[in-house]
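Number of protein chains: 2
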Amino acid sequence: MQLFYGYKEGDRVMLSEDESKHAVKVLRKSVGDELNVFDGKGNLYTGRIIDNHPKHCGITLDKVEENWGALPYSFHLAIAPTKNMDRLEWLVEKAVEIGISRITPLLCEHSERKVLKPARLERILLSATKQSLKGTLPQLDELTPFKEFIQQQNATPTFIGYCGEGTKTPLHMKMREHGSSVCVMIGPEGDFSPTEFEAALKAGIQGITLGDQRMRTETAGLAAVHTAHLVHISQ
Amino acid sequence: MQLFYGYKEGDRVMLSEDESKHAVKVLRKSVGDELNVFDGKGNLYTGRIIDNHPKHCGITLDKVEENWGALPYSFHLAIAPTKNMDRLEWLVEKAVEIGISRITPLLCEHSERKVLKPARLERILLSATKQSLKGTLPQLDELTPFKEFIQQQNATPTFIGYCGEGTKTPLHMKMREHGSSVCVMIGPEGDFSPTEFEAALKAGIQGITLGDQRMRTETAGLAAVHTAHLVHISQ
Numbered sequence: 008m009q010l011f012y013g014y015k016e017g018d019r020v021m022l023s024e025d026e027s028k029h030a031v032k033v034l035r036k037s038v039g040d041e042l043n044v045f046d047g048k049g050n051l052y053t054g055r056i057i058d059n060h061p062k063h064c065g066i067t068l069d070k071v072e073e074n075w076g077a078l079p080y081s082f083h084l085a086i087a088p089t090k091n092m093d094r095l096e097w098l099v100e101k102a103v104e105i106g107i108s109r110i111t112p113l114l115c116e117h118s119e120r121k122v123l124k125p126a127r128l129e130r131i132l133l134s135a136t137k138q139s140l141k142g143t144l145p146q147l148d149e150l151t152p153f154k155e156f157i158q159q160q161n162a163t164p165t166f167i168g169y170c171g172e173g174t175k176t177p178l179h180m181k182m183r184e185h186g187s188s189v190c191v192m193i194g195p196e197g198d199f200s201p202t203e204f205e206a207a208l209k210a211g212i213q214g215i216t217l218g219d220q221r222m223r224t225e226t227a228g229l230a231a232v233h234t235a236h237l238v239h240i241s242q
Numbered sequence: 008m009q010l011f012y013g014y015k016e017g018d019r020v021m022l023s024e025d026e027s028k029h030a031v032k033v034l035r036k037s038v039g040d041e042l043n044v045f046d047g048k049g050n051l052y053t054g055r056i057i058d059n060h061p062k063h064c065g066i067t068l069d070k071v072e073e074n075w076g077a078l079p080y081s082f083h084l085a086i087a088p089t090k091n092m093d094r095l096e097w098l099v100e101k102a103v104e105i106g107i108s109r110i111t112p113l114l115c116e117h118s119e120r121k122v123l124k125p126a127r128l129e130r131i132l133l134s135a136t137k138q139s140l141k142g143t144l145p146q147l148d149e150l151t152p153f154k155e156f157i158q159q160q161n162a163t164p165t166f167i168g169y170c171g172e173g174t175k176t177p178l179h180m181k182m183r184e185h186g187s188s189v190c191v192m193i194g195p196e197g198d199f200s201p202t203e204f205e206a207a208l209k210a211g212i213q214g215i216t217l218g219d220q221r222m223r224t225e226t227a228g229l230a231a232v233h234t235a236h237l238v239h240i241s242q
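Chains as they are written, first to last, in the working numbering: chain U, 8 to 242; chain L, 8 to 242.
Worth flagging that the hints you see were computed from the coordinates, not collected in a lab. You may find that some hints are simply not true.
One copy or two, it doesn't matter: identical chains are merged, so the pair holds either way.
Capping the alpha-carbon separation at 20 Å, the derived lysine to any residue pairs in SDA-like fashion look like this [as the list claims (entries may be wrong)]: (1) LYS137 to ASP198; (2) LYS48 to ARG221; (3) LYS137 to GLU24; (4) LYS90 to ARG221; (5) LYS48 to LEU147.
Same shape as in the complex, but just chain U (with noise of 0.2 Å):
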């Protein structure tokens, strides 16, 4: 199904300004073809083009499909970036195409990238729900201190992957336990700090393994998007 990203105004449904452009120029989309438009929050329309503008192209609302690719649980992922930004996007896209609901980067104190600009992660997030048919487009943060996240997070149950010494177990077992819909939080390259992983147990944030492979960031971050996935299915 060819899927374009938009939004509902009225009584029509509006392409965004990219997809409008890629509609109109690259497909050759006119005044009558039926389109596929996706508010990336759940919701599916389906209607003709009524005006092939080539910035704003408008659709009628000819049906609505409410809850259309829901991800069936809610999974948080919590990841320093990697100093490679190309590990990074490679993890955005992946973790989509298996399932995730929130991405949140995390500013570590051994994290190599200080800064992130979200603009191409963002990009990448948009073309990988199309492309893997999800209907909710997953929510970016901004990059957000570790401190500053280990206090906001006492909704959810949340996880800490760490390769240091102290009690934890495997995320599996504890998805087990409380479902798919959680947050694990993944240090960067050096890991989190002792200090951090102390923080976090405070915050009652508990500590959970991977298993005893030595992974980079973002293979662990998609293991856990992946063991998510799984256990929801095995249950």
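Add chain L to chain U, keeping to what the hints say.
Okay, now just chain L, sitting in the frame of chain U:
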């Protein structure tokens, strides 16, 4: 741990040519320095440099650890290489980190990539094996035609991922039954053809699914690798 790749030769351990150059020229290792050398077959040698030759650096064999960093199961992934090589190279790196024993690139009806140069993939295999401290270098086969491959698969329990119609069981359920020492086949961007799927079933290969998420070829490949890992650590 800093790890070098080499081989035992009589009462000595020799570093490969690339590794000799890296140790001697880049890291400036010299006679008397202690090195850890793995042979990719499960042996970890420790000794001191007796000849810091930049092309064939030799060390004494002071200690050998057998079955070092061995994968506790043997997982075989047979996958159609993606059109874009970066995606395949990414998969190879991640698969090694999580754990894999053998990779067979498959040539399928819908394959867009019909040739494969192994040199670069072999370098990625080696560096990922070192980086993730695995003792055994996974086997990389030549690009194998689909029909030829399915005829070889009579020893290992083999499963084929397919998005089209047909009887399919979730991979993790099959692995709970057979363990993680299995072979999983993943098709190209256009999936296996119905004819290929039928031929596989006739050859005694069983249809599996990775869940109803729409994943790219390389994402499905990694999901299979991680399923093997997760089923293994949950048992």
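Hint by hint, here is what the structure shows:
no., hint, in the structure
1, LYS137 to ASP198, "between (33 Å within a copy, 19 Å between copies)"
2, LYS48 to ARG221, "between (37 Å within a copy, 19 Å between copies)"
3, LYS137 to GLU24, "within (16 Å within a copy, 47 Å between copies)"
4, LYS90 to ARG221, "within (18 Å within a copy, 29 Å between copies)"
5, LYS48 to LEU147, "within (14 Å within a copy, 43 Å between copies)"
Checked against the numbered hints listed earlier, the structure breaks none of them; every hint is satisfied.
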